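Chains as they are written, first to last, in the numbering used here: chain A, 225 to 470; chain B, 13 to 779.
Please note: incorrect hints may appear among the correct ones.
Derived DSBU-like pairs: lysine-lysine, alpha-carbon spacing no greater than 35 Å straight-line [to be verified]:
#1 A:Lys378 x B:Lys220
#2 A:Lys447 x B:Lys182
#3 B:Lys411 x A:Lys369
#4 A:Lys447 x B:Lys727
#5 B:Lys150 x B:Lys50
#6 B:Lys285 x B:Lys453
#7 B:Lys705 x A:Lys319
#8 A:Lys447 x B:Lys774
#9 B:Lys453 x B:Lys65
#10 B:Lys705 x A:Lys404
#11 B:Lys285 x B:Lys65
#12 A:Lys319 x B:Lys150
#13 B:Lys699 x A:Lys404
Note that these hints are calculated values from the structure, not bench results.
The structure displayed is predicted, hence computed values, not measured ones.
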Amino acid sequence: MKPKVAFFDFSGCEGCQLDALNLDAGDVVDLLNAVDIVNFREVMTERADDYDIAFIEGSVTRESEIARLQKIRSQAKVLVALGACASIGGVNCLKNHLPMEEALRIVYGDKAGYYDTIPARPANAVVAVDYYVRGCPPVTGELVKVVKALLLGKKPEIPNFPVCVECKMAGNICVFERGKTCLGPVIRAGCSAICVTSGRHCWGCRGLVDEPNVDSEKDILQKYGLTVAQVVEKFKIYNTYGDVAK
Amino acid sequence: MVDDEAIVRESIKDWLEDAGYQVATAETGEEALELIGKRDFGFMILDIRLPGKTGIEVLKEVKAQRPWIKSVIVTAYPSAETTAEAARLGAIDYLIKPVVPDGLEKLIRETIESAGREPTVTTVEVRPKPPVKAPEIKRSVVITREGLKTLVEGLAEDMEVVGVKSRNGKYDYDKITAFAELSLNYDVSVTPPTRYLLPPLETLFKFKLGAALELKPAADTTRRAIIGVHPSDIKAMEMLDEAFMATNPDPNYHARRQNTVIIGVDCLNPSPKSFAPSMGTHLAETGFDLLLTDIGDDRYVVNVGSAKGDELLEKHTKVREPTGDEIARQKAVRDEAFYKYRLSLNVPRERLPKLLDDSYDSPYWESRSATCLSCGSCVMVCPTCFCFNVQDEVALNLKDGERLRHRDGCTLIDFARVASGENFRHDKASRFRHRIYRKGKYILERYGRIGCVGCGRCATACLADIASPLEAFNALAESARIQEAARRVISEIQPRTELYTPRPAELVRVRELTAREKVFEFRFKDGSALGQLPGQFVEVSVMGVGEAPISISTSPTRGKSFQLAVRNVGDVTNALHKLQAGAVVGIRGPFGNGFPIQALEGRDVLLIAGGIGLFPLRSLLQFILDRRDSFKRVILLYGSRSPAERLFPEELADLSQRRDIEFHETVDKGDATWQGNVGVITTLIPKVNIDPKKTIAIAVGPPIMYRFVIGELKKRDLADDNVIVSLERRMKCGVGKCGHCQINGVYVCQEGPVFTLTQLRKMREAV
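The shape of chain B in the complex, shown without the other chains:
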């Protein structure tokens, strides 16, 4: 709670503490940032007008350092600019004083629930930062594009010039022969520029075989300028400097480093896989001779980082002092770029070593590395990976030889194998873990610099999609939080008294569908909405008779009342069938996961309903029709046992008229009135033309149907992830406790009832 007005600060603190939260207060932005640096907060309430740093400035720093903290702005002086700025910085709401405390409490509660995260107030040990070498020189100038061209051409006369070039729609470093080849506004290079300091293959020394061993060092002293290095790669180079020059200085690395000029450029269009801000590497203060920022209109602000950088400007080109406007513009384009990063670390990076320490025996390593190919792509594209192997190569004359070093990496099978055959890191899981430990812990502890600069190259290169350290760190952090939450559940959490208590709902109308099925429309007595997702279910109580799980047949887009279509098969459903409009039942829920709406958006959707499988699918169908533009082709296949058992015949007639849905129907057994298809539902599948790469199929029907429908879909080459079913089980409690609905280790009421075929294949009891 950050506010300079004591009365506001203290009253909200008291209110929230009464509601069960742990609250810390700060009077100024500086004080708040200091607190945030020491402790872990889940939520921040922030005043805009503060003495010293403004609320917006605080918000910006929090977004960079602790992006997972949810913030809400409170102010007595609202303005359009600060609202927009706060929203851009990720503030979840903007409240105008005076604030109603219970409204604020509700907002906090809902935000935390939606993030699946209880407020955690754990003291964090912040590691002392490694001493950062001050830049040799620190000043800014402005260069025009023409001036830059003159600089590059001048450099080319003195030394080899390498830079980023466009190649087949990607970018990579290569020798530059003309200024026009150079790309300065690129997302990420395929290979990192660190290969000019540590090439994939190099000669350490040459030798002659014979009685007298003759050795000749072979360091590369080519003078070279690397142009267009992103700050994250500059940080990687600084890490390599620590590894190769601080102790046991490496002559080959040292020779290259001494002869290399580094001209960086701010990354203004980051790769979607990059998370540089989370690793603190999206900007660089040191580690370059010159650093360019493209401020538009063919102008660059140049940060001079070394005396050598200064000399090069002096010798080759003309620069001028920047105007105040140009300095402001540099800051603005950097901010603009900062907002473009989409991925972030969900744990303070200072805490990564501790997190990894606690996660050594996590099941994550084994499960996530199962698909690892041990192909080494992750380590080969990494700017901070530097491990190598050494081999001798001798000429055919058997006299002249050289000792070569080439890139090697810890995810390769033989990396830790010795001549006797013993392999000290023999399984995929231990190699996978080792790499992540290097990225988050070992390198940081050994060299004082983070081992992952968040460039995202490994995430792009990894075909199995498991290499991103960010994913590992976040998964481990989440798992640690769940464990923490589980401990809290036992010690602190108050039971939810309403867990098993249904809410009263009134039967608005009832309609007979067939001899066995009726559809019931309910509305909650308190006027609230059910808030269901298509595919979820509720527990319906008829007091005195009991409770039964029933799928929801209407979409949340169709108003506050909701329909349950019910076949009369047991005690509760029999009692339901006897009810008249005006009767009151009890409802718990909605429960379950529902259909994956986001995965369906932008795809072709194939819906397959067998019999009363149409009941849950109807909610999805309505949802899709109400948001028709979000989906591509929509195909519905529906099979009934007989014409008399067709459900919602008038809605089916309407569907067959619509042009935005392809509808095919069949009955198992026809009669005199029936003129359509006859045959089981699977006979419809070969009749529709689908693109297996674009289509997601969702089948709902009796258990017997799934085996055959899945078989037909696999003949059409649908991937397992794109085949979705909804399973029926005995869902008694709906809250993952009673155990009745369990399939192997899975609780259908929690993780289901909707599953992909990929998930289903791991559940041997399922189909």
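So here's chain A without its partners, still in its complex pose:
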């Protein structure tokens, strides 16, 4: 009996779903041999409410989404947060710094009255989350790794070390040595330091490691020339949910 897998989109750009199955054809066939996908709005029209593994994409930003997510949780054996918005709140939480009325007005103008919104939050602020596939978007194939781990009956390995580890393994010259700044030292790895390897820096899309030394990272960012305000901005992009929630 193959496990049934379902995907659910909440508030987000749906890029994670789109990218998640951007696999080689052979891998898609292997995946479909291993599981039944019963609910996936991006690729199929059929829907079913009978599933084992639920992937949640996007953050919760409307009152109605709370009940919807709770219902999914009650039906799924395993619930996995897919992508930055579902895992850590992501860029949606930038709006939490504004009064909700103002956020609505900025986005919908004089049509604001037709919509409702609540401060954005990750899936685990609403229901218990079993596993996370992090990133904005996650590395292609990462989702498959989680599925494989579950099929093999083991916990998906989620690195709890920072991007620096994979960055050094990739042989990169440190972003700071290149005269720029980076969130890599406190951000969870798993991405093979893809942004630094491509010549950029880490933006923090996979969220903080457990027990991050954020104070030290902030001191270092200042030492390398950022103002206090710029340091705050740098953390804000993806990692503002915890700050606002406090």
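Use these hints to put chain B onto chain A, whose structure you have.
Positioned in the frame of chain A, the structure of chain B alone reads:
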């Protein structure tokens, strides 16, 4: 005391022993080196002409093995060459015989005081050195650059060739497709070449899931030549050989090692963070097939280290016997490189295990690791780190799998965590300590080779600047010395009778500044200089009235007399104000730390003086004006309460004319005569344009001023380290005893009165 003349040797020994030193003597250089290997010395007096090894040769070996020993040369046969050579080897002076013993004693005393270190004569247990495998073959030849090119091209036909390439201004190992890509004169590679023996990620074996477990080993047997390996990395590879091949030989490592050719190159331009000589790794005798030394003119001396190296030369290229001159040249360029290392260990490396043993509970681990990011950068770039993790990876068909090993390291949070959740090294301090112990003790004891080769990569990679084992070893050694010194203080040290006794100084002239302030110029009766740093203070005694701390208002660059500007506020200052030229007062000091001149050099300096805060700042201002080229922009902001209370008005007028200083002034309250700015001192700060990255601000004024000035400076984004203030406290004794000046745990007369804002933030009572 090393001299072959018994009379010189014994007379100086007697003299110094009378002066309280413990002295050992040696007749020859060999004897001296043997003594130095067994015991710890602080100072060496060395004759140049000795039977056997010369003084210069002894000095060179001492610099390599015991770089902290201060040496002075004595000789009856001075020459320009030996003087220059001795100076290059770090000798502090060069005396010509006959030597005056009390002059020599004074030199030793001052040198030891300036190094902050009492002579220590502690017996050192030297560990037996591990048996070093003799090289399979040992000979030297010469190859031209063209010949080397032929060799590399020949190797490339037989195997994969990796070497050091330039990349974005740094260097790193990569595959070499053309000889021209190869850099042989580089400082340090971003990643160590050990990754070709122990890659960041590799497959240990492959397997198939199913009823019958099918396993297939997956060792990498690619034949590979690594070209341009520095001696320190060669030593790291030898350490890895011990760890991976001596016991429980590792098949994957072994396969790589057997198929690897190592062509080393002497490091002639070391990274400024390297301390290889202190770890004994700047040269390699073994561990390579070939080792190149660039002797200039497109020639390399090649040390052949193995039969395989010999075969490769034979097969691929042409070499010739070296001339005597070329062998001498190899030695000379190696010496030249040796002098370029700037960092050194302040403790014999044989003593590191013992030092670490004694430092397990040191507060250093906790305090230094506070900023540790647990990012793992230190272990990921280290050539001697080899810890790994193992994970299974299965294909989507759920049949084919492989077991992978990837780099892991003890500074990462989860390194010692088990499945139940227990973490056996859960805090930063214990992980930080563990890594340093591996580098200085555990690896040495387990494998007989030092766990740190001094390459400096971790010091470069660590953003928090805490990773260098050298720094840890030196800090722990210093702390051990202080503890040792403290024990000696109680048992042996004679009290300094002059501690509380002032020196007589004559009042040369006195001048009234305002109704409340006068400036006094003093000169010591014995003609000596005060020797102050800008920002220090003295204790001034008017006998019968008492003693008061007064900041020094003149720079040491302005001659032997010194000025104290004094506001009449208490008994002592009132008595001072009544004195006439010719009167004699008592002076103790100078005390305190003074302004950080070295940190200011090459920077923009923003001086902010409020009221009589100008008195101490004037000494710094004079110093800067007298050494104007050493500093970039100089800006002075000065605020007085009223035009009548402006201090040194004629000097202020002169400053406003100068082009090499930007001077802005304000008064809190103007009057009919005043045409300048009116407003408190903080109103001047927004008016000046400063670059927060280049500027250091120094503020001196009344306590109330600091809060507001600091606030304004922080609005301009100055880092805490670059905001400096001088604090006023009740400094009664000046020597860190009486307790009056204490701010929390800090004695202002000792650690202050000058503090950075970083320091100030930890002193809750300060502002």
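A quick look at each hint next to the structure:
1. A:Lys378 x B:Lys220: Holds. Lys378 (chain A) to Lys220 (chain B) sits at ~17 Å (cutoff 35 Å).
2. A:Lys447 x B:Lys182: Since the Cα atoms of Lys447 (chain A) and Lys182 (chain B) sit roughly 22 Å apart, the hinted pair holds (cutoff 35 Å).
3. B:Lys411 x A:Lys369: At roughly 14 Å apart (the allowed maximum being 35 Å), Lys369 (chain A) and Lys411 (chain B) satisfy the hint.
4. A:Lys447 x B:Lys727: Holds - the C-alpha atoms of Lys727 (chain B) and Lys447 (chain A) are around 16 Å apart, at most 35 Å.
5. B:Lys150 x B:Lys50: This hinted pair holds, its Cα atoms lying about 30 Å apart.
6. B:Lys285 x B:Lys453: Holds: Lys285 (chain B) and Lys453 (chain B) sit about 21 Å apart, inside 35 Å.
7. B:Lys705 x A:Lys319: Given pair Lys705 (chain B), Lys319 (chain A) holds - Cα atoms ~33 Å apart, limit 35 Å.
8. A:Lys447 x B:Lys774: 18 Å, holds
9. B:Lys453 x B:Lys65: 33 Å, holds
10. B:Lys705 x A:Lys404: 15 Å, holds
11. B:Lys285 x B:Lys65: Given that 35 Å is the threshold and the Cα spacing comes to 32 Å, the pair holds.
12. A:Lys319 x B:Lys150: 71 Å, violated
13. B:Lys699 x A:Lys404: 30 Å, holds
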